[in-house]
Amino acid sequence: MKTLILRTASNYMLPLLLVFSVFILLRGHYLPGGGFVGGLIAAIAFVLHAFANGLENTKGLLRIRPGVLMPIGLGLAFLSGLAPVLAVDEPFMTGLWWPDHVPVVGNLGSALFFDIGVYLVVIGVTLTIIFSISESD
Amino acid sequence: MMQQLVMYPLLFQLFLSIGLIFLWKKISWQKWISAVGSVINLGISVWLFIHIWENGTQGIQAGNWEAPFGITFVADALSASLVLLTSIAGLAVSVFSAGSLMSARLKFGFYPVFHFLLLGLCGAFLTGDIFNLYVWFEIIIICSFVLLTLGGEKAQLEGAMKYFTLNFLASVVFLTAIAVLYGLTGSLNMADLAVKVAEIENRSLVQVNALLFLVGFGIKAAVFPLFFWLPASYHTPPSAVSAIFGGLLTKVGVYALIRVFTLIFEVDPFIQNVILGIAFLTLFSGAVGALVQNNVMKVFSYLVISHIGYMIAGLGMMTEVALTGAIFYLFHDIVVKTNLFMVSGIIHRVKGTSDMKKLGGFYGKYPLLSLLFAIPLFSLVGIPPLSGFWPKLSLISAGFDLENYWIIAGILLASFLTLIVIVKLWAAVFWKTGEKLPEQRNFPYFDNLKNFQKTQLIAPIVFLSFVTLYIGFGAENIHSLSVRISEELLNKQMYIDAVFNKS
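Going down the list, the sequences are from chains A and B.
Take 1 as the starting number for the first sequence in this note's numbering and just add one per residue.
Take 1 as the starting number for the second sequence in this note's numbering and just add one per residue.
Extracted from the complex, chain A is given alone in its bound form (with noise of 0.2 Å):
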């Protein structure tokens, strides 16, 4: 599927839709959004791209196997969790907050940190999942 104009979009898009993606991702604390649409999304950007210019250039572009992302994310998600326990002595999961406002973020917590997990996840999945299954055809 190699047409020039799916080709010169893609490169406009994915930077546009990865923005996007973090963008869903930071949103997602009381809005519509978070780790596993924001996840998805980019997961998009980077199967859309590998439409246009081919598996290959994609890899070159990523540098890192996906698969790699699932653990990492998987530990961030599971450290955020563990943090609480370690620090203050609350149950697993409890929600700690930086008390200050930070810019573009909104609401610095723990909670942030879970999702950036799953978003990691997710991305790690996905691309494993459809970067397999185009390669055995």
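Derived by calculation from the structure, the hints in this document are not laboratory data.
Where is the CB? At the ideal position from N, CA and C, for every residue including glycine.
With a Cα cut of at most 30 Å, we get these calculated DSBU-like pairs of lysine-lysine:
#1 B:LYS25 with A:LYS59
#2 B:LYS424 with B:LYS365
#3 B:LYS107 with A:LYS59
Non-contacting residues of chain A with respect to chain B, defined by C-beta distances greater than 10 Å in every case (computed):
#4 LEU6
#5 LEU18
#6 VAL22
#7 LEU26
#8 TYR30
#9 GLY34
#10 PHE36
#11 LEU40
#12 VAL47
#13 GLU56
#14 PRO99
#15 HIS101
#16 VAL105
#17 THR126
Could you slot chain B onto chain A? The hints should help.
Chain B in isolation, oriented as in the chain A frame:
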């Protein structure tokens, strides 16, 4: 830190499995980390058990959301003992799989998935929220499905399809039952449900709901009409996987049945008779199934089904003595069944077959190993003073108290049939002179293994045999533990108070 203790077994297993994913390609590292991690996990479980034994039931609210709204984790004596047994079985299987599994299987992430399975099991035992229980069941199903299909042989895929279809059906029934329960009470917290279900006026709907739970958990526990998935799938994966399945997976269903029918639902005579009928038929049909099989692994699979009947019978009688017997049997069964499937793995390794007609001469060749294998085999039958004898004593005396002679007949008949099965197996595998079988190429025969690998195969069996001997000879301790658990189960106020922090 001590209040968090309830969740430590879960957190540690999760930590271990995430760490193992990081080392996806480094198989030899994974073996060591899994074994060492299992030892640490055993330590944590012992710690939890001692803490619960001394301080009584403990609850913790994940995320610090208050009790009926958030997810509660509760450790009472039953949960803590089951977590302890899970880590004992987990340690044994972790070491056994390091020696027995081919590296082709290990390469596709056996160890991470194995520890996720243990995480799911511990989670199911510790959770105090009925929907969370469903989530842990899903984790268990997904992990066991991966473990069943690792290796991708045709027989494995066939067994896995049957396994998955019926277990998935069970999940759907279970989920429906949760939905009805939520519609009736507006709560999912088990302690909260225990209070609210008793106040519902529409008793017939509660009864139907209880039966839905019975069907859902019954399929998972492999009781009478719906056990077909178990013998179809348990003999297909490698013996290390079958060991953890046979030891623990069906027991989660039994645990859930015990929990739901002691805590949430009042057992009325109708449900009691249904449970007792199921127990009788499970005991009988499993034992008869084992009688006609010739494959060692299939014999053990049918015995798993048959012996589920003992625990269900104890639950059905619902007196303190009967529950004591059921709990004691549960403890004994987890250790012995895990051990038996590992024994069957070694038997398979010796001659390259599990067919009882072709096997033989094991005693002549390995007299010491045969004596070791005799421990789990004969405690399964319940020859005094080995561990299977004591819980049956409690169950039968409970049957006499209730003057329910049918269930006594069922228990005795199943024990008798188990005896015949084991004697037949002993004669065929250990005493009969075996015929010479043609050598299979590329098959890792037991004799050709290095000494280190042999140790890895035999040490877990020795370990679990010691646990079995302890359960048999230290029966008084286990009995007093079971008595305490059944008192806790029948007096649900303790559980409710622990969840709502009103101690």
